[in-house]
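Residue numbers (UniProt numbering), protein chains in the order written: chain W, 1 to 471; chain B, 1 to 338.
Hint data in this document are derived by calculation from the structure and do not stem from the laboratory.
Since this is a predicted model, take the numbers as computed values, not measurements.
All residues carry an ideal CB built from backbone N, CA and C; glycine is no exception.
Hints should not be assumed to be uniformly reliable.
Stated by the list, open to error - Quick partial rundown of chain W residues pointing at chain B, CB under 8 Å, derived from the structure:
id, residue
1, L84
2, P85
3, R209
4, G210
5, R260
6, I261
7, V286
8, S457
9, L458
Unchecked claim - The calculated SDA-like cross-link candidates involving lysine to any residue, where the alpha carbons are at most 25 Å apart (straight line), are:
id, chain 1, residue 1, chain 2, residue 2
10, B, K178, W, R280
11, B, K326, W, R57
12, W, K214, B, G177
13, B, K2, W, D427
14, W, K464, B, K328
15, W, K337, B, K245
16, W, K464, B, K326
17, W, K342, B, K326
18, W, K337, B, T174
19, B, K334, W, R422
20, B, K29, W, R280
21, B, K126, W, D335
22, B, K328, W, D335
23, B, K334, W, E419
24, B, K245, W, R280
25, B, K178, W, R352
26, B, K328, W, P230
27, W, K455, B, M219
28, B, K126, B, A99
29, B, K29, W, R422
30, B, K119, B, A99
31, B, K245, W, K464
32, W, K455, B, V267
To be verified - Across the chosen pairs, the derived CB separations fall in these ranges:
id, chain 1, residue 1, chain 2, residue 2, range
33, W, Y220, B, Y276, 56 to 62 Å
34, W, S204, B, K2, 42 to 48 Å
35, W, G74, B, M265, 41 to 47 Å
36, W, G86, B, L204, 52 to 58 Å
37, W, P114, B, I158, 38 to 44 Å
38, B, Y276, W, A83, 44 to 50 Å
39, B, K2, W, R77, 43 to 49 Å
40, B, E226, W, R77, 50 to 56 Å
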Amino acid sequence: MADDVMERDVSVLEKERVAPVETLRRSDEALRLPAVAPPTALPLEPPLVPQVGEQTRAVGLRAQRPDSRNHGLGLTRYIDDIALPGMLFAKIKRAGVASARIVRIDTSKAEAMPGVKAVLVGSEIPVNSFGPSLQDQPLLAAPIVRHAGDGVAAVAAVTEQIAEAAIDAIEVEYEPLPGVYDAIEALKPDSHKVHGGDTNVYASKIIKRGDVEKGFAQAYRIYEGRYYTPGIEHAPMEPFTSIADWDANGRLTVYASIGRITLARCDMSRTLGIPISRIRVIGTVVGGNFGGKNEIRHEPVLALLAKKAGRPVKGRFTRVEEFVASTIRHAFTMDYKTGVTKDGRLIARQVRMVLDGGAYCSFSETTLGKACILSTGPYEIPNSLAEGYVVYTNKTTAGSMRGFGAPQVCFAYESQMDEIARDLGIDPIEIRVRNMFREGSISSTGQVLHSVKVKESLENAVKKFGWEARS
Amino acid sequence: MKRRGRGIASMWYPVGFTVAANPSGAVVKVNEDGTAVVLTGTVETGQGALGVLSQIAAEALGIAPNDIHIVSGDTDTCPMDTGAIASRTTYITGNAIAAAAAEARDTLFEVASQMLGVKTSQLEAKDHKIQVKGFPARSAPIADVALRAHLVNGTPPIGSASWNPPTVPLDPETGQGKPFGTYVYATQIAEIDVDDETGEVEVLRVTASHDCGTAINPMLVEGQIEGGVFMGLGFALQEEILFDKQGRQLNPNLTNYIMPTTLDMPVVESDIVDSYDETGPFGAKAVGEPSLVPTAAAITNAIYDAVGVRITALPATAERVLAAIKAKRAMEQKQIPA
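Could you put the whole structure together from the sequences, leaning on the hints where they help?
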């Protein structure tokens with residue numbers, strides 16, 4: 001099955017011959033027929049941005065968003081609505097194997113195809129690495145493939161279909177390498193080292209407060225549990241899409257649906273080897289981010305294809321690429337050990353977590369740091385020790401995703417809190433109130449907290465829900 | 001048989017990057033007619049950030065949000081910004097815009113102080129006027145003040161500022177330090193039904209109470225909470241990327257990667273905690289990411305409440321819940337003395 005999904009769909013034109021409704025609909029999509037909103041008289045009356053009141057305060061108003069009418073009428077221009085004159089379409093060939101060395105790439109057949117204007121492989125990229133903390137990720141793998149979604153070659157052609165056919169015509173010969181596909185496995189000394197060296201651990205974190213051993217010694221009871229959360233996908237409605245366009249002075253404009261244009265510009269300057277002042281990044285309205293669109297992905301590849309072809313180039317991920325070639329949420333394995341007093345006070349907590357980082361670092365360091373700091377939960381615990389490790393595996397790269405590790409540790413600490421409350425026969429609301437941060441509480445990193453409202457949130461939720469204590 | 005359960009989970013979440021600098025810059029220009037243009041390097045990613053930022057600028061200038069036009073997402077025209085990440089836009093970009101707007105407003109105050117014959121310190125910007133504090137009748141329309149600033153005084157009201165939350169690096173040995181400017185807090189309660197013959201979980205309602213500091217726009221806060229509960233629901237019950245033994249994804253498409261649809265959405269009762277953070281713009285903090293954080297634990301705790309099984313590996317699919325129920329029954333039968 002995996003082989004099937006890694007391969008692209010049957011050619012659209014072939015399918016059209018049989019042409020049931022479903023394939024026709026899909027061929028429309030592939031032929032890039034523009035979705036045109038029904039005609040609207042502009043400007044709209046009353047004015048496009050409705051009056052929300054002449055009086056300030058402005059803060060606290062349930063004001064309509066400035067973009068709400070455009071969204072509602074289908075008039076918002078997303079990046080896929082942008083087409084530049086003479087624009088080409090890019091496709092990236094994905095490895096489909098998770099761990100291998102590229103022995104040979106033959107692009108000659110693709111280059112000979114009518115309509116193909118440029119072909120690019122990793123060795124042609126000036127600086128073929130990027131990443132927000134460690135620059136360990138190639139734009140196109142050369143020569144080592146570290147996960148199945150790695151790109152190995154790219155093509156720009158006059159239509160998306162020709163580009164798709166051209167990447168199929170590129171022949172790549174791989175020498176299989178051993179791989180490691182499990183985070184706990186990857187910790188073992190004899191495991192395959194994804195980036196060489198003597199360990200797959202590429203970031204670790206310790207957050208230590210008080211003395212956990214002393215805390216456990218004083219505990220009335222100790223609870224231990226292992227919790228696991230899987231890798232998940234951001235699944236934004238709009239997949240990664242960008243357009244690269246050079247002007248005659250060699251200045252590059254990149255349109256991208258990306259949430260961090262300042263960083264994107266730096267990364268492009270670094271990978272392309274041109275000054276920042278020669279790059280303009282225009283962030284288009286993003287059709288769903290959730291953390292997945294916080295770094296560049298294929299933009300320098302598009303820029304180089306555009307340079308070769310002398311025409312603007314658009315690249316648009318398919319849904320499959322959005323899964324296999326973007327980042328995902330880190331899978332977490334968490335061991336929680338918590339010591340409590342007889343009246344349900346948490347006095348010691350030890351947490352050890354292993355994050356599956358996938359093939360490259362991306363935002364792993366940040367995710368690990370936040371997860372370790374937050375692993376105590378919103379509770380005052382005098383003795384705590386959190387240790388975290390993030391490891392390379394030959395799987396899809398894990399990166400930033402809404403919550404940066406917080407949803408994972410919250411699942412663990414709140415599951416265990418529920419277990420403790422039930423075991424000690426204390427109401428789950430009561431046990432939380434006894435332990436919660438208050439104004440001026442000290443966090444796991446020794447920070448004095450202000451504007452602490454966790455108890456208020458609990459009280460409000462209990463009241464709104466209608467939670468009644470059971471006897 | 002369907003069994004009802006309820007579960008609760010609380011959380012804390014920081015705003016902005018962990019120690020690392022994550023500044024935002026902003027420029028605010030007051031036009032000749034008293035409307036204003038804001039330049040920011042952040043990008044609207046669908047959450048309504050530009051609406052929130054225009055409300056912050058409007059509040060600082062004493063005008064309405066629809067008087068503000070925001071230019072964003074262009075590295076040629078906009079100041080540097082760390083972007084739409086880490087739930088930082090309202091708090092950090094908002095602080096930068098509030099400071100830039102205050103600078104532009106100071107220029108208006110200089111002009112108005114001559115017009116009204118009072119010291120600048122006695123002025124405030126409110127209801128489209130520059131007025132004397134405590135004597136709102138003694139005022140000048142902001143449009144007149146702005147025009148005068150441009151055409152008579154020759155001091156166009158332009159403000160620029162940047163902001164970065166103050167942090168203290170973490171000690172590498174112990175991790176002690178001040179990694180974030182501030183934190184937000186929340187509690188969610190889920191009510192669910194579990195079918196103990198199929199293991200299927202139906203989430204009926206989620207009560208979500210969130211602290212976000214001042215809610216600059218309560219409607220958008222509620223939107224974020226509902227979206228977060230939706231993501232948390234998928235994390236709790238459905239979503240998982242499956243890999244084969246060679247590290248390739250088995251379900252990289254929306255047919256086999258199951259995520260919630262609107263039909264799976266429970267009733268969401270959202271609540272905004274009364275809160276004010278003095279470090280945020282007009283007391284605001286954040287709500288973007290946190291809204292999803294406690295949902296999964298609230299749901300799995302409710303599963304325990306309903307059928308007495310503890311789900312320790314997500315997602316709590318019907319198969320997993322049913323297997324846990326069966327294992328529990330087998331265990332209970334074993335314990336009955338023969």
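Outcome of the hint check:
1. Interface restraint check for W/L84: the shortest CB-CB distance to chain B comes to about 16 Å, outside 8 Å, so the restraint is violated.
2. The criterion of a C-beta within 8 Å of any C-beta in chain B is not met by W/P85, whose closest approach is roughly 21 Å, and the hint is violated.
3. With 8 Å as the threshold, the beta carbon of W/R209 comes within range of chain B, its nearest partner Cβ sitting at about 7 Å, so the hint holds.
4. Of the supplied interface hints, the one on W/G210 is violated, with its beta-carbon coming no nearer than about 10 Å to a beta-carbon of chain B, more than 8 Å.
5. Because the beta carbon of W/R260 sits about 3 Å from the nearest beta carbon in chain B, less than 8 Å, this interface hint is met.
6. For W/I261, the suggested interface contact is upheld, since its CB lies about 5 Å from the closest CB of chain B, less than 8 Å.
7. For W/V286, the interface hint holds, the least distance from its beta-carbon to any beta-carbon of chain B being 4 Å, beneath 8 Å.
8. Checking W/S457 against chain B by beta carbon gives a least distance of about 4 Å; that is within 8 Å, so the hint holds.
9. The beta carbon of W/L458 comes within 4 Å of a beta carbon in chain B, closer than 8 Å, and the hint placing it at the interface holds.
10. Between B/K178 and W/R280, the direct Cα distance comes to roughly 35 Å. Violation of the 25 Å bound is thereby established for this hinted pair.
11. Annotation: proposed proximity of B/K326 to W/R57 is violated, straight-line Cα distance about 58 Å (limit 25 Å).
12. Between W/K214 and B/G177 the alpha-carbon distance is near 22 Å, which keeps this suggested pair within the 25 Å criterion.
13. Restraint check for B/K2 and W/D427: satisfied, since their Cα atoms lie roughly 24 Å apart, inside the 25 Å limit.
14. Distance check on the hinted pair: W/K464 and B/K328 sit about 33 Å apart at the alpha-carbon level, beyond 25 Å; violated.
15. Between W/K337 and B/K245, the direct Cα distance comes to roughly 31 Å. Violation of the 25 Å bound is thereby established for this hinted pair.
16. For the proposed pair W/K464 and B/K326, the alpha carbon gap of about 34 Å is over 25 Å, so the pair is violated.
17. Between W/K342 and B/K326 the alpha-carbon distance is near 32 Å, which puts this suggested pair outside the 25 Å criterion.
18. For a cut-off of 25 Å, the pair hint linking W/K337 to B/T174 stands: about 19 Å separates their Cα positions.
19. Taking the CA atoms of B/K334 and W/R422, the gap is near 23 Å; set against the 25 Å cutoff, the hint holds.
20. For the proposed pair B/K29 and W/R280, the alpha carbon gap of about 22 Å is at most 25 Å, so the pair holds.
21. Note on B/K126 and W/D335: the hinted pairing is violated, with a Cα-Cα distance of about 55 Å set against a maximum of 25 Å.
22. Our distance criterion of 25 Å between C-alpha atoms is met by B/K328 and W/D335, whose separation comes to about 22 Å.
23. Between B/K334 and W/E419 the CA atoms are separated by roughly 23 Å; this keeps the pair inside 25 Å, and the hint holds.
24. Taking the CA atoms of B/K245 and W/R280, the gap is near 43 Å; set against the 25 Å cutoff, the hint is violated.
25. Between B/K178 and W/R352 the CA atoms are separated by roughly 22 Å; this keeps the pair inside 25 Å, and the hint holds.
26. About 24 Å separates the Cα atoms of B/K328 and W/P230, which keeps this hinted pair within 25 Å; it holds.
27. Pair hint W/K455 plus B/M219 holds up; C-alpha atoms about 23 Å apart against a cutoff of 25 Å.
28. For the hint linking B/K126 to B/A99, the alpha-carbon distance of about 17 Å falls within 25 Å, and the restraint holds.
29. As the CA atoms of B/K29 and W/R422 are separated by approximately 58 Å, the hinted pair breaks the 25 Å bound.
30. A threshold of 25 Å between alpha carbons decides the hint, and for B/K119 with B/A99 the separation of about 21 Å falls inside it, so the pair holds.
31. Proximity of B/K245 to W/K464 is assessed by CA-CA distance (about 47 Å); at most 25 Å being required, the pair is judged violated.
32. Taking the CA atoms of W/K455 and B/V267, the gap is near 23 Å; set against the 25 Å cutoff, the hint holds.
33. About 39 Å separates the C-beta atoms of W/Y220 and B/Y276, a value inconsistent with the hinted range of 56 to 62 Å.
34. Checked against the hint of 42 to 48 Å, the pair W/S204 and B/K2 passes, with Cβ atoms roughly 45 Å apart.
35. The supplied range of 41 to 47 Å is broken by W/G74 and B/M265, whose beta-carbon atoms lie about 23 Å from each other.
36. Between W/G86 and B/L204, the C-beta spacing of about 55 Å keeps the proposed range 52 to 58 Å intact.
37. At roughly 54 Å, the beta-carbon separation of W/P114 and B/I158 lies outside the given 38 to 44 Å, and the hint is violated.
38. The beta-carbon spacing between B/Y276 and W/A83, approximately 47 Å, falls within the hinted interval of 44 to 50 Å.
39. Remark: the range hint 43 to 49 Å for B/K2 to W/R77 is upheld by a beta-carbon distance near 47 Å.
40. About 26 Å separates the C-beta atoms of B/E226 and W/R77, a value inconsistent with the hinted range of 50 to 56 Å.
When the structure is compared with the earlier hints, violations turn up for hints 1, 2, 4, 10, 11, 14, 15, 16, 17, 21, 24, 29, 31, 33, 35, 37, 40 and for no others.
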